[in-house]
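Q: Below are the chains, spelled out letter by letter.
There are 2 protein chains.
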Amino acid sequence: MSDTAPTQRRARGGGGAARRAERSAVSFETARFIERNIPNFEVLNDEALEIIEYNAETVLQEVGVKFVNNPGALELWRAAGADVDDERVRIPRGLARQLCSTAPSVYTQHARNPERNVVVGGRNLVLAPVYGPPFVRDVDGGRRYATMADFNNFVKLGYMSKWLHHSGGTVCEPTDIPVNKRHLDMLFAHMTLSDKPFMGSVTEPSRAQDSVDMCGILFGEDFVQQNTVMTSLINVNSPMTFDDVMMGAMEVYAKNNQACILSPFIVGGAMAPVSVAGTLTQVLAEVLAGIAYNQLVRKGAPVIFGAFVASIDMNSGAPTFGTPEASLITYGAGQLARRMGLPYRSAGAFCGSKLPDAQAAYESANSLNMGLLGGVNFMLHACGWLEGGLVSSYEKFVMDADQLGILHGLAKGVGVTENDQAMDAIAEVGPGGHYLGCAHTQANFKNAFWRTNLLDYKPFETWDEEGARDTQALAAIKVRQMLDTYQKPAIDPAVEEALSAFVADRKASMPDAFI
Amino acid sequence: MSDTAPTQRRARGGGGAARRAERSAVSFETARFIERNIPNFEVLNDEALEIIEYNAETVLQEVGVKFVNNPGALELWRAAGADVDDERVRIPRGLARQLCSTAPSVYTQHARNPERNVVVGGRNLVLAPVYGPPFVRDVDGGRRYATMADFNNFVKLGYMSKWLHHSGGTVCEPTDIPVNKRHLDMLFAHMTLSDKPFMGSVTEPSRAQDSVDMCGILFGEDFVQQNTVMTSLINVNSPMTFDDVMMGAMEVYAKNNQACILSPFIVGGAMAPVSVAGTLTQVLAEVLAGIAYNQLVRKGAPVIFGAFVASIDMNSGAPTFGTPEASLITYGAGQLARRMGLPYRSAGAFCGSKLPDAQAAYESANSLNMGLLGGVNFMLHACGWLEGGLVSSYEKFVMDADQLGILHGLAKGVGVTENDQAMDAIAEVGPGGHYLGCAHTQANFKNAFWRTNLLDYKPFETWDEEGARDTQALAAIKVRQMLDTYQKPAIDPAVEEALSAFVADRKASMPDAFI
Numbered sequence: 001m002s003d004t005a006p007t008q009r010r011a012r013g014g015g016g017a018a019r020r021a022e023r024s025a026v027s028f029e030t031a032r033f034i035e036r037n038i039p040n041f042e043v044l045n046d047e048a049l050e051i052i053e054y055n056a057e058t059v060l061q062e063v064g065v066k067f068v069n070n071p072g073a074l075e076l077w078r079a080a081g082a083d084v085d086d087e088r089v090r091i092p093r094g095l096a097r098q099l100c101s102t103a104p105s106v107y108t109q110h111a112r113n114p115e116r117n118v119v120v121g122g123r124n125l126v127l128a129p130v131y132g133p134p135f136v137r138d139v140d141g142g143r144r145y146a147t148m149a150d151f152n153n154f155v156k157l158g159y160m161s162k163w164l165h166h167s168g169g170t171v172c173e174p175t176d177i178p179v180n181k182r183h184l185d186m187l188f189a190h191m192t193l194s195d196k197p198f199m200g201s202v203t204e205p206s207r208a209q210d211s212v213d214m215c216g217i218l219f220g221e222d223f224v225q226q227n228t229v230m231t232s233l234i235n236v237n238s239p240m241t242f243d244d245v246m247m248g249a250m251e252v253y254a255k256n257n258q259a260c261i262l263s264p265f266i267v268g269g270a271m272a273p274v275s276v277a278g279t280l281t282q283v284l285a286e287v288l289a290g291i292a293y294n295q296l297v298r299k300g301a302p303v304i305f306g307a308f309v310a311s312i313d314m315n316s317g318a319p320t321f322g323t324p325e326a327s328l329i330t331y332g333a334g335q336l337a338r339r340m341g342l343p344y345r346s347a348g349a350f351c352g353s354k355l356p357d358a359q360a361a362y363e364s365a366n367s368l369n370m371g372l373l374g375g376v377n378f379m380l381h382a383c384g385w386l387e388g389g390l391v392s393s394y395e396k397f398v399m400d401a402d403q404l405g406i407l408h409g410l411a412k413g414v415g416v417t418e419n420d421q422a423m424d425a426i427a428e429v430g431p432g433g434h435y436l437g438c439a440h441t442q443a444n445f446k447n448a449f450w451r452t453n454l455l456d457y458k459p460f461e462t463w464d465e466e467g468a469r470d471t472q473a474l475a476a477i478k479v480r481q482m483l484d485t486y487q488k489p490a491i492d493p494a495v496e497e498a499l500s501a502f503v504a505d506r507k508a509s510m511p512d513a514f515i
Numbered sequence: 001m002s003d004t005a006p007t008q009r010r011a012r013g014g015g016g017a018a019r020r021a022e023r024s025a026v027s028f029e030t031a032r033f034i035e036r037n038i039p040n041f042e043v044l045n046d047e048a049l050e051i052i053e054y055n056a057e058t059v060l061q062e063v064g065v066k067f068v069n070n071p072g073a074l075e076l077w078r079a080a081g082a083d084v085d086d087e088r089v090r091i092p093r094g095l096a097r098q099l100c101s102t103a104p105s106v107y108t109q110h111a112r113n114p115e116r117n118v119v120v121g122g123r124n125l126v127l128a129p130v131y132g133p134p135f136v137r138d139v140d141g142g143r144r145y146a147t148m149a150d151f152n153n154f155v156k157l158g159y160m161s162k163w164l165h166h167s168g169g170t171v172c173e174p175t176d177i178p179v180n181k182r183h184l185d186m187l188f189a190h191m192t193l194s195d196k197p198f199m200g201s202v203t204e205p206s207r208a209q210d211s212v213d214m215c216g217i218l219f220g221e222d223f224v225q226q227n228t229v230m231t232s233l234i235n236v237n238s239p240m241t242f243d244d245v246m247m248g249a250m251e252v253y254a255k256n257n258q259a260c261i262l263s264p265f266i267v268g269g270a271m272a273p274v275s276v277a278g279t280l281t282q283v284l285a286e287v288l289a290g291i292a293y294n295q296l297v298r299k300g301a302p303v304i305f306g307a308f309v310a311s312i313d314m315n316s317g318a319p320t321f322g323t324p325e326a327s328l329i330t331y332g333a334g335q336l337a338r339r340m341g342l343p344y345r346s347a348g349a350f351c352g353s354k355l356p357d358a359q360a361a362y363e364s365a366n367s368l369n370m371g372l373l374g375g376v377n378f379m380l381h382a383c384g385w386l387e388g389g390l391v392s393s394y395e396k397f398v399m400d401a402d403q404l405g406i407l408h409g410l411a412k413g414v415g416v417t418e419n420d421q422a423m424d425a426i427a428e429v430g431p432g433g434h435y436l437g438c439a440h441t442q443a444n445f446k447n448a449f450w451r452t453n454l455l456d457y458k459p460f461e462t463w464d465e466e467g468a469r470d471t472q473a474l475a476a477i478k479v480r481q482m483l484d485t486y487q488k489p490a491i492d493p494a495v496e497e498a499l500s501a502f503v504a505d506r507k508a509s510m511p512d513a514f515i
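Protein chains in written order, with UniProt numbering: chain B, 1 to 515; chain S, 1 to 515.
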């Protein structure tokens, strides 16, 4: 099980303490981000694309968007040529798209371990874990409020997951830490318990600034100003509302050249029309306005076209996942993003199920497949999401993370080298033979097929004797194994101390707040 | 729950007994077969297609295929210009493809209820249930040998499943019936317990003939000769071997103008090379040879390009499902089939799991998605498959059947009528509003979103109070509800009596055989 077995890292140069830290540290194998060798699946024809793009501009010009409690934003919009009426911003046809054109189509997010850097955009897909749940669930403890201990555990699991490229952000809400201080502990965990890239805080502009400052300690201040070291999630308050908290955080990141995902948060039927074309129109209008504003703050700042999409169950009002309408919107929004030349964030291991059961897996597999085939470049929630995002599930985290290997395999496409063609094998085996022992199989079998690290392929009798365990039970064992064998990646003790001191100072400067 | 609630059918004309039967009969809603309004996903570029097609012809010409114990077939091949050496048939480049060109690209399979007719080919997708398992499983009874009572139950569930277009064939092996007689009971069940189209027996040429004869009773002999009323599964004994039993059955069907699926049975790494391109080459060679032979038997007989694809787990030897390699092969084979102008059979709710758990659902969802996006025209095993095809699962049957609704929704694609564009709704709601009550939502919500008939969307507290049931538990309830409310479709009692008499006569003519 190569993705969890720790291997000793060779000690490199550096001070004595750093060398000792390096010597005792281990590294877990992480796959390189996905570089697709398959086409994108596209559901909108040219007519549909033109109608939706035209309509989105009409919405911006005639209905407009709202920037709440943000005089600075209104001033920037007015100066750019928009019609600003109270907090409503009406954007003349073509202006938003023109402003968006300065955003880069590809950017590199640096990790403190350069082998873990990710390139976001193009034909790539970067996978990041679940974000945001206030609850966690595991087989033994059931469903309960998430704590900082859970948060640390999920960062560790993410670090050890071979197919996960990114450590994410709020892998769960550590509800035992004051709300105005938890971003500090969360960042400290990502920075010290993992060496994969991570996300910054967005719940207050000052917390975004803390994120930038902590990155200054970890990467060096100059490095941060010259490179992207965070990709952070800025949700639009759909429909068409940009609140000051999220925009304030985005302004901090843009000014510091850090990446944001500008992401309409859509539960179709509630925050957007019940039709696919109508939803795509609104998503595009919101992204155009949001990214244009991002570029008004700083031309050339890296930014991602985001689309979080669920449907609503009209009987219960619950958000639903893995549905055909969400897939169509996700495929379509990818086309719109590519026509803007922007990286695209969507999809995830979405599900509404309360348990990591068959429902969860159907819904998640539907969503993961659409993410890969729809040309998504950054997939948040790629593992661990449960119960409509209310719960981070330990078992589902490792179940989904195993499935992410399938996306890597599928993205490889079909090779046609002489070895791939296997004509010698077909001639050698001939009618009625079998390929198990032939030379081509012997030479290729080790890397020929994706292999699960979790699922059961045993003979029925063996499986039955071993307790007839279902996937959740197998995953629970895996979770325990991983957390028991986790070892921290090497970090310069001086850097860790400085981060720790920063956290302590900032915490001491504020009273606790729990709402 | 419109797909299970029985509705009274209006009585139509006919004799007194027929009228009485009609009056007491009910009908369950069945969706029309899928007509895709989305493109196919294609993984092979022109270079790869040309290499694979060239190589397949090379295999046919140089390696050849084997027709076992079938002098008649060898004679037909010799006359057609192939090089026949003992049982090995080497086919000159181009000959097989030319012979295949007389097969129709689309055909209609008739059901005894004409509303259930299916059109196989083009952009359509017809969904049929699991085929072949010797075992069944349900929550209460566990895993056990399948019986005729199970068989009847699965036919009933298939009949009542809204998104299933086809009644299938061996939905499980009724192991309590002698092996030489069970085809009679199976056909009788499909013909009387359902009014959807079905498959014929292929386990002996004489059983294929029985299937044709029973169809003569059900549809009328002339109708059968002039129309396709069965689509039957002819597996190739991969690699490149055509055995006399399967070919004998195919000959019967072709002579009677009935459709066959000519289907290589591939567990990659065992029956085909470990590479995707190599497997596609072999699949194409086998299909070319098999369909060419079908057309030699009867020019113009309807036939489907089949590809059953699994990978092998090189550690345990177990077949594996939902893997990226199987998906790439399935996508690629679809391209090869379309270039031959033939309907394509592949995919299904494949899984290796022993239980209808998360593993089963991940694997099945991966396979169902690839089937829809890969342009499959006939999908066998679309619901109910478990444990690598050893088990027909009651719960998974209804779980998968519910997911098939998603394929219908996704296939619709994106409409851009004025109503779809929803510009009035966006203007009406405006920034910061919500769409739940707006006029467009009110007018469209009923049909806007696919809705599950099984999965849980309830609030956590409600779900918890109701017993915190997982998908399997919900499905078990659904199975019981369906079997409790099943009602037989109307059938002319004289026809049913004649079928019953045929079965009794045929059974009386043979001793029991159990191997």
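Simulated from the structure, these hints should not be mistaken for laboratory data.
Check before you lean on any hint, since a few could be wrong.
Some chain S residues flagged as far from chain B (calculated, every beta-carbon gap over 12 Å) [as the list claims (entries may be wrong)]: (1) Ser364; (2) Ala422; (3) Asp424.
Partner residues are not named here, just some residues of chain B that face chain S (Cβ under 8 Å, in silico) [what the hints assert, rightly or not]: (4) Gln226; (5) Val245; (6) Gly413; (7) Val414; (8) Ala425; (9) Gly433; (10) Tyr457; (11) Glu461; (12) Met510.
For each residue, glycine too, the CB sits at the ideal point set by N, CA and C.
Q: Does each hint fit the structure? Answer for all of them.
A: Taking the hints in turn, this is what the structure says about them:
1. A beta-carbon of chain B comes within 12 Å of the beta-carbon of Ser364 of chain S; the shortest separation is about 7 Å.
2. Remark: the non-interface label on Ala422 of chain S conflicts with the geometry, its nearest Cβ contact in chain B lying 3 Å away (cut-off 12 Å).
3. Non-interface call for Asp424 of chain S relative to chain B: violated, since the shortest CB-CB distance, roughly 9 Å, does not exceed 12 Å.
4. Interface hint at Gln226 of chain B: violated, since its Cβ lies 37 Å from the closest Cβ of chain S, which is beyond the 8 Å cut-off.
5. Hint on Val245 of chain B is violated. Least Cβ distance to chain S is approximately 15 Å, over the 8 Å limit.
6. Given hint, Gly413 of chain B at the interface with chain S, holds; its Cβ is 6 Å from that chain's nearest Cβ, closer than 8 Å.
7. The criterion of a C-beta within 8 Å of any C-beta in chain S is met by Val414 of chain B, whose closest approach is roughly 5 Å, and the hint holds.
8. Among the interface hints, the one on Ala425 of chain B holds; its C-beta lies about 5 Å from the nearest C-beta in chain S, closer than the 8 Å criterion.
9. For Gly433 of chain B, the interface hint holds, since its Cβ comes within 8 Å of a Cβ in chain S; the closest pair sits about 6 Å apart.
10. With a cut of 8 Å, the hint placing Tyr457 of chain B at the interface with chain S holds, because the nearest CB-to-CB distance is about 4 Å.
11. Interface restraint check for Glu461 of chain B: the shortest CB-CB distance to chain S comes to about 11 Å, outside 8 Å, so the restraint is violated.
12. For Met510 of chain B, the shortest C-beta to C-beta distance to chain S is roughly 31 Å, which exceeds 8 Å, and the interface hint is violated.
Of the numbered hints listed earlier, those contradicted by the structure are 1, 2, 3, 4, 5, 11 and 12.
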